[in-house]
Amino acid sequence: DSGVTQTPKHLITATGQRVTLRCSPRSGDLSVYWYQQSLDQGLQFLIQYYNGEERAKGNILERFSAQQFPDLHSELNLSSLELGDSALYFCASSVDPAGLQSETQYFGPGTRLLVL
Amino acid sequence: GENVEQHPSTLSVQEGDSAVIKCTYSDSASNYFPWYKQELGKRPQLIIDIRSNVGEKKDQRIAVTLNKTAKHFSLHITETQPEDSAVYFCAASIRTGGSYIPTFGRGTSLIVHP
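So the sequences go chain by chain: P and S. For the first sequence, my numbering begins at 57 and goes up steadily by one. For the second sequence, my numbering begins at 8 and goes up steadily by one.
Same shape as in the complex, but just chain S (with noise of 0.2 Å):
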């Protein structure tokens, strides 16, 4: 089926130093795919997000970069720093039924030392 790819599961790094987070994506229809960034025990909170007609977005220290032919999209964290420890999701948009449903990857634990 359906799915979506997303290495690594964890991720540890050093106060300033940049994270990088990787998703690969089967659904070549995908037009949506949003980041979010999970706290222990809270929501996903949305960080950003990239549709297919735009192939880059940054926001302050965030970046995405999606690439719609090899249907891979990754997130950019510089600067990094200890509050930016969580799990980040990603996620793509996979047709099912009548909508657009995001299809997540499994996670990545980010961990920011500091």
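This is chain P alone, in the form it adopts within the complex (with noise of 0.2 Å):
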């Protein structure tokens, strides 16, 4: 166990429907990351919060937005999702006191989205 927390484990949905992951981090981890991992793409990262600030931006469609709330944990909101976008979204916390070098990150069980 990560100590890295996601709901829900699964999610099964249909075409143009909006759904809402959520994530909180290990104790103490300032920073938050997500990942989208498909059969055929890898673990792709998404986007990073760190103490509830965007820091950083990577393949994130506009159609997916994420935020990090006062008590740490995240969100990533997913909208007019396509067949396509079935995947495991993984989440990882990192300490990252400062973001000048990478820290480990630890990753949660991931939430495994079903769309039809």
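Among the hints, erroneous ones may be present.
For the chain S half of the interface with chain P, some residues (derived, Cβ under 7 Å), not all of them [stated by the list, open to error]: (1) R50; (2) P51; (3) A70; (4) G104; (5) S106; (6) I108; (7) F111; (8) R113; (9) G114; (10) S116.
In case anyone wonders, no lab produced these hints; they're calculated from the structure. Please read all numbers here as calculations on a predicted model, not as lab measurements. Even glycine gets a Cβ: it sits at the ideal position worked out from N, Cα and C.
Fit chain to chain and form the complex, with the hints in mind.
Pasting the structure below:
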């Protein structure tokens, strides 16, 4: 158990819908990262939040958004869902005190999203 | 863009043999190189990592080597066991926005035959 929690574990929805995935980082970790893992794409970095503010952006679609709340938990919102959005979505956290060097990331168990 | 190449995509070995997975990266500023093991349907778990001021690191049957000049790093697993079967991902930190973000290779599926 990495100490990172994610809910829900599984999510089945239809095209065009909107869903919210939730992540709670390890106690004391200030940074939260979101990744998408599809069968043919490996682990794709989506976005990072540090202490409530967006720090870095990767290959995140405009239909997707995220935020980090004062208690440091984070939510990833996926809207206008398409079949191709079906994937495992992982959240990871790290201490990242200053962002000046890379810190070890600890991954949550993931949310498996299936869009029908 | 910046990327990480990982080879081979599949590696099949007999129990007790050694396994080597190799990665190359393009960003000369990368300074952190973690390796993750992911079992089917589970989270990636860190197994070993190395920073750019070190050339080699070992933890029991697992070792990682780094050649900064050539921009490549490798994972070595000795005396493989069936429970080592999993997908292994390398990563290299890439400067992204205000952070260094691990960029992952596409993974190596390691199969250890008993």
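When the nearest CB of chain P is found for G104 of chain S, is that gap smaller than 7 Å? holds (4 Å)
Is the interface hint for A70 of chain S satisfied, with its Cβ closer than 7 Å to some Cβ of chain P? violated (18 Å)
Using the nearest Cβ pair, does I108 of chain S come within less than 7 Å of chain P? holds (5 Å)
Please verify that hint: G114 of chain S, Cβ, nearest Cβ of chain P, below 7 Å or not. This interface hint holds because 6 Å falls under the 7 Å limit.
Holds or violated: is there a CB of chain P closer than 7 Å to the CB of S106 of chain S? With Cβ-Cβ at 4 Å, under 7 Å, it holds.
Is the interface hint for R50 of chain S satisfied, with its Cβ closer than 7 Å to some Cβ of chain P? Holds, because the Cβ-Cβ distance from R50 of chain S to chain P comes to roughly 4 Å (cut-off 7 Å).
Interface hint compliance - S116 of chain S to chain P, C-beta minimum distance less than 7 Å: violated (12 Å)
Verify the interface restraint on F111 of chain S: the C-beta must sit less than 7 Å from at least one C-beta of chain P. Holds: closest Cβ of chain P sits about 4 Å from F111 of chain S, inside 7 Å.
Using the nearest Cβ pair, does P51 of chain S come within less than 7 Å of chain P? holds (5 Å)
Answer holds if the nearest beta-carbon of chain P is closer than 7 Å to that of R113 of chain S; otherwise answer violated. Where the cut-off is 7 Å and the nearest Cβ of chain P is about 4 Å from R113 of chain S, the hint holds.
Hint compliance for this structure: hints 3 and 10 are not met, and every other hint is.
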